[in-house]
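S.K.: So the protein lines, in turn, are chains A, B, C and D.
Numbering of the first sequence is given in UniProt numbering, commencing with residue 1 and proceeding in unit increments.
Numbering of the second sequence is given in UniProt numbering, commencing with residue 1 and proceeding in unit increments.
Numbering of the third sequence is given in UniProt numbering, commencing with residue 1 and proceeding in unit increments.
Numbering of the fourth sequence is given in UniProt numbering, commencing with residue 1 and proceeding in unit increments.
Misleading hints may appear alongside valid ones.
Pairs count within a copy or across copies, as identical chains cannot be separated in the list.
Unchecked claim - In silico DSSO-like links for lysine-lysine, alpha-carbon gap of 30 angstroms or less: (1) K148 to K363; (2) K250 to K274; (3) K314 to K374; (4) K274 to K246; (5) K107 to K274; (6) K148 to K374; (7) K301 to K274; (8) K274 to K127; (9) K400 to K148; (10) K27 to K154; (11) K148 to K314.
None of these hints come from the bench; they were simulated from the model.
4 protein chains.
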Amino acid sequence: MNEGEKKLEWAFTHMKILQKIKDDFEKRKPFKGINIALSIHLEAKTANLAKVLKIGGANIYVSGSNPLTTQDDVADALRNFGIPVFARRGEQESEHLENINKTLDVKPHIVIDDGGDLVHLLHYERKELLKNVIGACEETTTGVIRNKALENAKLLKFPVIAVNNGKCKHLFDNRYGTGQSTWDAIMRTTNLNIAGKNVVVVGYGWVGKGVAMRARGLGARVIVTEVDPIKAIEAYMDGFDVMEMKNAAKVGDIFVTTTGNTNVIDSRHFELLKDGAILTNAGHFNVEIAMDELEKEKVSKREVRQNIMEYTLKNGRHIYVLGEGRLVNLACADGHPIEIMDLSFALQALSAEYLLTHQLENKVYDVPEEIDIKVANIFLEANGIKIDKLTKKQIDYLTKPH
Amino acid sequence: MNEGEKKLEWAFTHMKILQKIKDDFEKRKPFKGINIALSIHLEAKTANLAKVLKIGGANIYVSGSNPLTTQDDVADALRNFGIPVFARRGEQESEHLENINKTLDVKPHIVIDDGGDLVHLLHYERKELLKNVIGACEETTTGVIRNKALENAKLLKFPVIAVNNGKCKHLFDNRYGTGQSTWDAIMRTTNLNIAGKNVVVVGYGWVGKGVAMRARGLGARVIVTEVDPIKAIEAYMDGFDVMEMKNAAKVGDIFVTTTGNTNVIDSRHFELLKDGAILTNAGHFNVEIAMDELEKEKVSKREVRQNIMEYTLKNGRHIYVLGEGRLVNLACADGHPIEIMDLSFALQALSAEYLLTHQLENKVYDVPEEIDIKVANIFLEANGIKIDKLTKKQIDYLTKPH
Amino acid sequence: MNEGEKKLEWAFTHMKILQKIKDDFEKRKPFKGINIALSIHLEAKTANLAKVLKIGGANIYVSGSNPLTTQDDVADALRNFGIPVFARRGEQESEHLENINKTLDVKPHIVIDDGGDLVHLLHYERKELLKNVIGACEETTTGVIRNKALENAKLLKFPVIAVNNGKCKHLFDNRYGTGQSTWDAIMRTTNLNIAGKNVVVVGYGWVGKGVAMRARGLGARVIVTEVDPIKAIEAYMDGFDVMEMKNAAKVGDIFVTTTGNTNVIDSRHFELLKDGAILTNAGHFNVEIAMDELEKEKVSKREVRQNIMEYTLKNGRHIYVLGEGRLVNLACADGHPIEIMDLSFALQALSAEYLLTHQLENKVYDVPEEIDIKVANIFLEANGIKIDKLTKKQIDYLTKPH
Amino acid sequence: MNEGEKKLEWAFTHMKILQKIKDDFEKRKPFKGINIALSIHLEAKTANLAKVLKIGGANIYVSGSNPLTTQDDVADALRNFGIPVFARRGEQESEHLENINKTLDVKPHIVIDDGGDLVHLLHYERKELLKNVIGACEETTTGVIRNKALENAKLLKFPVIAVNNGKCKHLFDNRYGTGQSTWDAIMRTTNLNIAGKNVVVVGYGWVGKGVAMRARGLGARVIVTEVDPIKAIEAYMDGFDVMEMKNAAKVGDIFVTTTGNTNVIDSRHFELLKDGAILTNAGHFNVEIAMDELEKEKVSKREVRQNIMEYTLKNGRHIYVLGEGRLVNLACADGHPIEIMDLSFALQALSAEYLLTHQLENKVYDVPEEIDIKVANIFLEANGIKIDKLTKKQIDYLTKPH
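Next comes chain A alone, as it looks inside the complex (with noise of 0.2 angstroms):
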């Protein structure tokens, strides 16, 4: 078994709802004759889901959906199994462009998409594939509001599955997935004291609560800044720091962006941080950190050690950025922890078969409420633990005027 084999092997005995979906679609087939197209982070957890795919009967191709998130082996082990990928670490732009653009050419039934790349090139660039186009499931919060901005403009094509939004994604995977593994990533890069360290959390939507509770878990001091002025008293109530960026940036020694939007530190800030401070991305798209104005304003830059690149401001300051401004987690780690994903990719399996299994409208959907409810009974009992049942009496209670 080559190493990227290992890491499948290692993460599926990990996967235990994956573990049980495998065991039904091998029986079942439900995927016969369907084309997927499949774009995400290339690691073991993706490459297992794509595996059951393909068990199910599908005939799937692969691509990454950043060019720095991908691991070769596992790419590798993929191929191995007979699956086409496209998809090389640091890749360039134009390379990644094209890699995804390619794995459109499998003609898809089913779109499985992380960050909306695939859906935006189908209605943009590869119209002419949309006649086959059954759904997308999307994976991220990002890729959703994309998506919904196509549906509120009238544009979209097809039903899209927001598997971001499931309970068993969103309540898990952007909370205790990102909060975990932003942390494991900035640790193995820059072996820096965590306990003490002024971290700054930009936005307070459930990736920021993670990142902020398992920063506080790690001794930090830990400053929100936010726009929604509920989320910030949320923060305070939580009893962190809140203040605007242009004060946070005077004061952070690490700072995390997870709001999904543009520029929300860039060249009003870059002057005003410390000698020494850290920058890195949790959200999906290397926007957050405003890089493009970094690379102009920037006197000189050079590699410091793996995935930490110095930059030397005009005034003299030297700051520092993990994986060229990626979600950390995945550029500088191996993304979420394994669990975590099997509850989001249990969700992406079934809502794929749903997408299939129903008639539905060009519409941005959430989760069924069943898929859900089912990965998290599965997931329960798969952890050995049992709850109660609602009493006739209790739910005569809570549904009967009185």
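Chain A is fixed; fit chains B, C and D onto it per the hints.
M.R.: Only chains B, C and D this time, still in chain A's reference frame:
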């Protein structure tokens, strides 16, 4: 100034949002000619809401929403301010019902309800008053459930604003408010050490999350019971033990029920409890712990300390119930922290005015977002917190296809 | 049973270690013929210690160690049990001193002291009694510091066991006991929300660590001030802000002094405080907040709620002092949790007997390790906890050269 | 600059205390003419210590203190700087011993030891070198225990400064350093979700406290095993489950041994473990998990991922050992965070000089307080933290009888 008036003043000093609203109402008198029936746990914060509504022009009658949560000195202070109050701490169930009923004698245009009793009475026993009613505001999850049951049964006769569902309410009151005040109550009533105790939190909604979070913050080991598999996974990922009540019953030292449901601890469990187990309820009604069943099963009972009733069971074990199984933070302490109620009651005041100025259907409405945002912004300002604003570029990024 | 007796019974139910010791003392009567003077904050737990010593044969006189911490119903319960008590809540300073003095009229063989007042009196004002004294047990850091000052000055006239330094005392009482009860007191006295508040903890010894830990557990943002650079780094690594008091004074919402020192908040700071700042003390003496200086500098003062005094300063700001600057957990609540005092008072009881059965020099002694271990093991057993034992192989590994 | 040199530079950028010491040593050359043998886990931080000593004038030989913790690129960087290094990652036990031995060929005046191997060799196998030795500094609890065993047996031939016992070392390194880096290692090696896992921490000394604290911070449920009843109560009060290993073995998902003792997980426990249990060691020697017994009992083993060995037992279950049971933070990651080692190594550098400038007996000494205070103050200054100073009045209060 008597003790009750001191309490009101101390509370009002810390109700910065209501202060602003008072200043505004004082000028505009939006409730001129409006009758309001208000039934909420009668302590200093509620009293300030009543005062502000009266200052805003209302003719207001007040009762307590629970026989054990009225503070008599506060009631007196309100009477001194010229507001009729029908409530007495320790009133019998029949007197309590009578008192709530008397509140309705104001012939309310607006109802401010807490648990749904006023709305219930209006629909079933005081139907003759329905014609005057413009609408109601409901403070609790329990009340909203009851009102929705009415709505679903097509029985609801006026619009209800579910103040409970306002972000500035349920995100803070149910979690931080009940979280803190439940433990305030348990500590002051028992003088027991919380650190190291096995605390069983029944239900992992917002209230349960808050109670569990603060239990951990006090050093307890927390066990969660749930009926919803997804909330069960949340509790698991938050690092709590999750188990069925029949097992939790055997190991718990302190129990807190937070479900809004009935009989979550009942005759199925009493005999399983450890000698010395302490039962408390943080949900709205005193049905979560089945006090009626406990009364039947007990061998004897006696009060062993203020607000602590000892029940001796057939198996010889003693179990302790705080505050008669009524919501412990109000029965055994002063209810939610002041600033939390400031958020809730600001929503109440503005929602009550909203009912007057908008034509609504006979449905249960969420709090209008504009009210939530307004209240949140006043809170931030009062606490000296500034937050960021989206730039033009960021708004475009979030809203336009790309 | 009166209210005080109920309190004693409730407490004793949860003092599992003292129960065991009582059973043993009842049989052996180790204090037969022994006079004991005991001066500790007079509430239910202390009263049980006094009872157990009397049951063990002692002739015991009791006073309170602080004018504001005596609970009168508890004092009555003790009198009903036949123990002379010299204490009254709210006694003036002169009456307090007189009362402490009266305790010594028992002509003590053993002194059980809390803060060093009895020992001080014996050395400076009641020297004629010194000849009877076999030794003393001291409960607090403050008292131990005073006793050591006597020892260092070669003035100490009998052995003192520093019960405070016992592991079963200082590791739990100062940290978990004060940590919890300080916040119990602040919450019940103010009804304010702790989450989000800036809490300034003055001093980061065991008490400060406990107070800070629980403040965070309640959602506060914690600032620590220190004079010891190593403790300052500990606070920093624990994720707290560390700053000089002159800066902390400007941002704190609630202050808790925990240093055992004098004037840690004084006229250098009062005018810097925010309007509404709340000052509390968790250290033994009411000198940490310089109440004398505050009285001089104030423009006016008034009680705004039970146990809350409002001071108006020249700059027009209001600051609030809880419980007259005396230790807030006793002045405004019921002191340490019962189980914590059970550990401390078990050490007291066994240390008192140790003084009788061992020939000691006129020094300050630590609690003998055998007593600490004995008490710890009873605690574990009472809580159903089993721990491992070293194997022969492990003992060799730890003790022999290799 | 090669990869090793980059690592050194990155680390040194964050070693603010050692930077100051380097500047001073560079001027004063306190180690001129002094031979130093240094054997510590060979990665970037240690290498900087070696460099600073050489810059201070020393003639220094270096080896690694563990066969699996040497980073070869770092060793090369040190060689480029002109320091002889005897170490290779993955060296066999015999080669490792040989390499340590070679370090002594420098004929050391000063020994800087980590685990006691150099001191042991000097006393038992290289006695001819003893005459040159002025003294040693020991980095670990394990080494101090071994040195004290020598001292107690009257065999110690030169003074040893127990750097491990320095406050700036043991209060931070063992707790925050191992706490963080252990989880860094486990996360990066397994990619598993920590939230919700049952983590068994074996031992609740400083290392155990740190590992448990961070496990909780990552969302785990923590179980502690202990042999000391007082530490067991501490773990209980900190909210952790405490139980015997024979019971913990049955429920743990991840085990971390932190005792400094041998066979804390051994053949008494292997068959009790759950299928999939993960065993890791954070103590100095690879004897805490009895790898020898495991090798005998296993049916088969294979490497399933880098640094993860799967053992199949007779009962069919699989258990996973990380980094061969060697200290996981060094075998599977980069050791302690840089700033933590900066504190430790500052003590090392100053203690080494102290040996030269003071006449000491053949005993194990604690780090002189002046060194601890000096290092702590530099740390605070480097992090921009100011603390308070005692006033004259306060010093009097603390030191004079009153």
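S.K.: Hint by hint, say whether it matches the structure.
M.R.: Now the hints, each set against the structure:
Taking CA atoms no more than 30 angstroms apart as the test, K148 paired with K363 passes in both settings, with 8 angstroms inside one copy and 29 angstroms between copies. Within a single copy, K250 and K274 get their C-alpha atoms as close as 6 angstroms, and across copies as close as 24 angstroms, so both meet the 30 angstroms cut-off. Taking CA atoms no more than 30 angstroms apart as the test, K314 paired with K374 passes in neither setting, with 56 angstroms inside one copy and 35 angstroms between copies. In this assembly of identical chains, the alpha carbons of K274 and K246 lie at most 30 angstroms apart whether taken from the same copy (12 angstroms) or from different copies (24 angstroms).
In this assembly of identical chains, K107 and K274 lie within 30 angstroms of each other by CA distance neither inside one copy nor across copies; the values are 50 angstroms within and 46 angstroms between. Taking the shortest Cα distances, K148 and K374 sit within 30 angstroms of each other both inside one copy (26 angstroms) and across copies (27 angstroms). In this homomeric assembly, K301 and K274 come within 30 angstroms of each other (Cα to Cα) only inside a single copy, at 17 angstroms, whereas the closest approach across copies is 45 angstroms. Taking the shortest alpha-carbon separations for K274 and K127, neither the intra-copy value of 48 angstroms nor the inter-copy value of 53 angstroms comes in at or below 30 angstroms.
For the identical chains of this complex, K400 and K148 are inter-copy neighbours only, at 10 angstroms across copies versus 37 angstroms inside a copy, given an alpha-carbon limit of 30 angstroms. In this assembly of identical chains, the alpha carbons of K27 and K154 never lie at most 30 angstroms apart, being 39 angstroms within a copy and 47 angstroms across copies at closest. Taking the shortest alpha-carbon separations for K148 and K314, neither the intra-copy value of 41 angstroms nor the inter-copy value of 55 angstroms comes in at or below 30 angstroms.
Comparing the model with each earlier hint shows violations of hints 3, 5, 8, 10, 11; every other hint is respected.
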